[in-house]
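Using the sequences and the accompanying hints, generate a full structural model.
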Amino acid sequence: MKIGILYSGGKDSNYAAIIAKRYGHEITCLITIESENKESYMFQTPSITQTKKQAEAMGIPIVTVKTKGVKEEELVDLNKAIKTAIKKYEIEGVATGAIESVYQASRIQKICEKRKIWCFNPLWQKNQEELLEEIIKEKIEAIIVGVSAEGLNKDWLGRKIDKKMIEEIKILNKKSGINHAFEGGEAETLVLQSPLFKKKLEVKDKKILGEGNNWRMEAELE
Amino acid sequence: MNKEKILLISTCKEKISELEFVKPISQIIKEEGKDSDVESYKEVNALVANKYKIIIICGTAIADFDYNNHLINFKWIKNYSGKVLGICSGMQIITKVYGEEVSTEGLPKIGMKKIIIKTPILGLEGSKEVYELHKGMCKTPKEFTSYTSGEEAEIIKHKEKETYGVIFHPEVRNKEIIKKFLELGEK
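Residue numbers (our numbering), protein chains in the order written: chain A, 62 to 283; chain B, 2 to 188.
There may be inaccurate statements among the hints.
Said to hold, decoys possible - PhoX-like, lysine-lysine: derived pairs with alpha carbons at most 20 Å apart:
| no. | chain 1 | residue 1 | chain 2 | residue 2 |
| --- | --- | --- | --- | --- |
| 1 | B | K6 | B | K180 |
| 2 | A | K171 | B | K115 |
| 3 | B | K160 | A | K171 |
| 4 | A | K82 | B | K14 |
| 5 | A | K175 | B | K160 |
| 6 | B | K6 | B | K52 |
| 7 | B | K97 | B | K160 |
| 8 | B | K136 | A | K177 |
| 9 | A | K177 | B | K110 |
| 10 | A | K198 | A | K177 |
| 11 | B | K114 | A | K171 |
| 12 | B | K16 | A | K63 |
| 13 | B | K14 | B | K43 |
| 14 | B | K16 | B | K54 |
| 15 | A | K82 | B | K16 |
| 16 | B | K14 | A | K63 |
| 17 | A | K175 | B | K110 |
| 18 | B | K136 | A | K171 |
| 19 | B | K14 | A | K177 |
Unchecked claim - Which chain B residues stay away from chain A? Per the calculated CB distances, all over 12 Å, these:
| no. | residue |
| --- | --- |
| 20 | I73 |
| 21 | E102 |
| 22 | G127 |
| 23 | M138 |
Said to hold, decoys possible - Between beta-carbon pairs, the in silico distance windows are:
| no. | chain 1 | residue 1 | chain 2 | residue 2 | range |
| --- | --- | --- | --- | --- | --- |
| 24 | B | A47 | A | K63 | 34 to 44 Å |
| 25 | A | Y102 | B | K140 | 34 to 44 Å |
| 26 | A | E153 | B | K115 | 31 to 41 Å |
| 27 | A | V131 | B | K162 | 47 to 57 Å |
| 28 | A | E190 | B | G34 | 10 to 20 Å |
| 29 | A | E97 | B | E144 | 48 to 58 Å |
| 30 | A | K141 | B | E5 | 27 to 37 Å |
| 31 | A | K99 | B | K180 | 34 to 44 Å |
| 32 | B | L185 | A | G238 | 30 to 40 Å |
| 33 | A | R176 | B | K114 | 45 to 55 Å |
| 34 | A | G219 | B | G34 | 40 to 50 Å |
Hints were generated in silico from the structure; no laboratory data involved.
Each residue gets a CB set at the ideal place from its N, CA and C atoms; glycine is no exception.
Given below as structure tokens:
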């Protein structure tokens, strides 16, 4: 089946793309929403413009739609993006990296239902410790580009997800309940390399913005 | 040997959907220290089912109705003496096997919903928030009792057998239902 990946550039949507391909689906496009609202409930925002470079690295076209990121209204823009992907890239379904968020998953399901296409969430309800370990095993190289939780600070920005980090996250999870896979928005990631990338990306330039426990990195990849 | 294992019947046409609708249930079973096997709706029959004492018929994607073309593979449910739990499309299959209607005319049910449980069942009582993802509105077959208020059947149980159906997805926010159902197998 021809599908589009709802793509944030982070570890989960990249892993969902790998799984979709492994199950025989043809990824005809990526779909990214660029939100002006940095506090969006629906969409990742740090370094979101870099998805174009990631799409290029994969050799897959990308549909990008900008949104003001107003709660619920931003779904109109997601609907628009999916509609474009159906028309231009003939997608019959989308795959997402949703794991636990009923808020995000149900809204995407509603749009897919309305547009009469399939919705696949291959990471849904996945054990989150296992997920992080699989990310490493699958050779997905991801760095932290956003933090927003007690126990995380700007020193985490730019760090690669590796075994050492997983151990630190396990401790933080016990101490302050941080979601292992960061799905509660505790941290956001940016993938530099994955088995679907034809070339590895590197951070050419970066801007660090924020305060307190709320920091983000706007990276420029090459 | 299989009598110790739980059979999960996949109703997913697309194999990738099993990661979303079957794997979370096998994960709960594993956490409870038990094992499970998975069989497709295209392959299941009385011979397969009778090898197991506990069966869960799992849900599938909201766009997926292919299992309706294979309902004949589920005729064994009426004569089966073990314990069965049908989740979403699984409950719709049970409803149809017992000759009752499943309407797909109404609006899709997607997201969290509060249900009111009239009589305690599978560890649920009072009001509960559940995650729904379906288009099929089931009527309660005459051999079954509906445990929730409202016209649509949301939780049903056979009046004489341990055959259950839930229209929502307990693996998302109500895992205790699956755990409770597994405990029934120990009795």
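Hint check:
no.: 1; hint: K6(B) / K180(B); verdict: 14 Å, holds
no.: 2; hint: K171(A) / K115(B); verdict: 18 Å, holds
no.: 3; hint: K160(B) / K171(A); verdict: 35 Å, violated
no.: 4; hint: K82(A) / K14(B); verdict: 17 Å, holds
no.: 5; hint: K175(A) / K160(B); verdict: 38 Å, violated
no.: 6; hint: K6(B) / K52(B); verdict: 9 Å, holds
no.: 7; hint: K97(B) / K160(B); verdict: 17 Å, holds
no.: 8; hint: K136(B) / K177(A); verdict: 12 Å, holds
no.: 9; hint: K177(A) / K110(B); verdict: 15 Å, holds
no.: 10; hint: K198(A) / K177(A); verdict: 35 Å, violated
no.: 11; hint: K114(B) / K171(A); verdict: 15 Å, holds
no.: 12; hint: K16(B) / K63(A); verdict: 15 Å, holds
no.: 13; hint: K14(B) / K43(B); verdict: 9 Å, holds
no.: 14; hint: K16(B) / K54(B); verdict: 25 Å, violated
no.: 15; hint: K82(A) / K16(B); verdict: 12 Å, holds
no.: 16; hint: K14(B) / K63(A); verdict: 15 Å, holds
no.: 17; hint: K175(A) / K110(B); verdict: 12 Å, holds
no.: 18; hint: K136(B) / K171(A); verdict: 11 Å, holds
no.: 19; hint: K14(B) / K177(A); verdict: 16 Å, holds
no.: 20; hint: I73; verdict: 25 Å, holds
no.: 21; hint: E102; verdict: 21 Å, holds
no.: 22; hint: G127; verdict: 21 Å, holds
no.: 23; hint: M138; verdict: 15 Å, holds
no.: 24; hint: A47(B) / K63(A): 34 to 44 Å; verdict: 38 Å, holds
no.: 25; hint: Y102(A) / K140(B): 34 to 44 Å; verdict: 37 Å, holds
no.: 26; hint: E153(A) / K115(B): 31 to 41 Å; verdict: 34 Å, holds
no.: 27; hint: V131(A) / K162(B): 47 to 57 Å; verdict: 51 Å, holds
no.: 28; hint: E190(A) / G34(B): 10 to 20 Å; verdict: 18 Å, holds
no.: 29; hint: E97(A) / E144(B): 48 to 58 Å; verdict: 56 Å, holds
no.: 30; hint: K141(A) / E5(B): 27 to 37 Å; verdict: 52 Å, violated
no.: 31; hint: K99(A) / K180(B): 34 to 44 Å; verdict: 40 Å, holds
no.: 32; hint: L185(B) / G238(A): 30 to 40 Å; verdict: 33 Å, holds
no.: 33; hint: R176(A) / K114(B): 45 to 55 Å; verdict: 23 Å, violated
no.: 34; hint: G219(A) / G34(B): 40 to 50 Å; verdict: 41 Å, holds
Of the numbered hints given earlier, the model fails hints 3, 5, 10, 14, 30 and 33; all others are met.
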